[in-house]
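> Fit chain B to the known structure of chain A by using the hints.
Spelled out from the first residue to the last, the chains are:
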Amino acid sequence: MIEARNLVKSFEQTRALDGLTLTVPDGAVYGLVGPNGAGKSTLIRHLTGIYRQDEGELLINGEPVYENPAVKKTIAGIPDEIPYWSQATVDDMMRFYASVYPGFDRPYYENLGKALELDGKRMMRKLSKGQQKMAAFRFALAQRPDILVLDEPLDGLDPVNRRTVWGLILGDVAERGTSVLVSSHNLRELEDVCDHVGIMNRGKMLLERSLSELQENMVKIQLVLPDGAELPESLNVLHEGQTGRVRQLILRGRAEELSAEIAACEPLFMDMLPLTLEEIFIYELGGMEHEIKSLVL
Amino acid sequence: MIQISYRDPRPIYEQVKDGFRTLILTGVLHPDEKMPSVRELATQLAINPNTIQRAYRELEQEGYICSVPGKGSFVADAGDTAALRKKELLMRLSEICAELRSLGVEESTMLEYIRGGKQHD
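Sequence order for the protein chains is A and B. Taken in order, the first sequence gives residues 680 to 976; the numbers are from the numbering used here. Taken in order, the second sequence gives residues 542 to 662; the numbers are from the numbering used here.
Source of the hints: derived by calculation from the structure; they are not laboratory data. Keep in mind that the hints are not guaranteed to be accurate.
To give a feel for the contact side, a few chain A residues facing chain B, derived at Cβ under 8 Å [to be verified]:
#  : residue
1  : Asp-705
2  : Val-708
3  : Gly-835
4  : Leu-836
5  : Val-839
6  : Arg-842
7  : Trp-845
8  : Gly-846
9  : Leu-847
10 : Asp-871
11 : Val-872
12 : Cys-873
13 : Asp-874
14 : Ser-891
15 : Gln-894
Cβ coordinates follow ideal geometry from the N, Cα and C atoms, glycine included.
With the rest of the complex left out, here is chain A (with noise of 0.2 Å):
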């Protein structure tokens, strides 16, 4: 469990975060999305230790992570750009990674090798850009974390390796209950992947959630009354929009009971559809400002 109260962390005039609260759940894939410059890096470099906030508190597991071996020994980091030495081959960097892990694990790093096809013996420096992602993401998953942090994993990556670095991923928080905390700006990368969101702009948390607490209390509804009749005062209506007859309802609360209800009025036509991901988001973060909206969707 990952938790984050009040973090404030300023570099010169700039508060780049500004009292961030977060909480990632054991086992949780949690996606972390916002805007350039919301603070999405500055927040992943103080969970992976590297820097101090000037106030507030981030636990893991209930302890101090900055200057803690116990704890960040837990904890692989992917940050955006890949670190290595301009004399190191895959290989070298790997025994570098093995002697800091002690739960470095050799014969799934070769199996890794196999499944992301990619060769030990190769310089890093002469590697592409999303080769060095996945020799990163060789190195993560071998050091069989508890926790794994990932900054804009996905830049760089074809999509037919996408799929394969997330299918290792998710294989093993299936197998193992690692937790993942992933950030990119782009919120249609995540929806397949993470079952919590949370959203970030200006150093701050907008809105935190678990994605089928999201898709169980909103329903979209598409109806025809007859003539004179009304809805119910009691539907939390969200949205609402017309096609000809046809009305349309963006409402909060559990399908069946909603259903039920209106129901009651007997409508000529009620069909119900699923919202997707986006949809949910843009009535959820309703009130905020459309600069966001449109950066995060």
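Okay, now just chain B, sitting in the frame of chain A:
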């Protein structure tokens, strides 16, 4: 085995659930056959394991599969799935009958069709 489409507006857990329900009802998956493990599916489809667990949980509640602790999930007994299939088809029949009734078709006419004697005019 099943496909996830990102263009499909249904949530992913529903796609997984509907996909397996179809495979079971059409007999592609046999009774007592082992379902893929959550880990296998998560790796293969690159989707969140909690999503798969949720789909499996609902399939179990609806009687399509049963889980054996420590061994995984299995397709439910043939009698059970046949009963579910019957229930599903009857539901569809009652929807069709309701629509025919609203169009003013007499029940006697419907019955003729149900008995199978009547062909299209």
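> Hint by hint, say whether it matches the structure.
We went through each hint and held it up to the structure:
1. Asp-705: 12 Å, violated
2. Val-708: 5 Å, holds
3. Gly-835: 18 Å, violated
4. Leu-836: Violated: closest Cβ of chain B sits about 12 Å from A:Leu-836, beyond 8 Å.
5. Val-839: Hint on A:Val-839: violated, closest Cβ of chain B at ~11 Å, above 8 Å.
6. Arg-842: With Cβ-Cβ at 5 Å, under 8 Å, it holds.
7. Trp-845: Cβ of A:Trp-845 sits 4 Å from chain B, so the hint holds.
8. Gly-846: 4 Å, holds
9. Leu-847: Hint on A:Leu-847: holds, closest Cβ of chain B at ~7 Å, below 8 Å.
10. Asp-871: OK, holds: A:Asp-871 within 8 Å of chain B, min 5 Å.
11. Val-872: 6 Å, holds
12. Cys-873: 7 Å, holds
13. Asp-874: 5 Å, holds
14. Ser-891: Hint holds; A:Ser-891 Cβ to chain B Cβ min 6 Å, cut 8 Å.
15. Gln-894: 5 Å, holds
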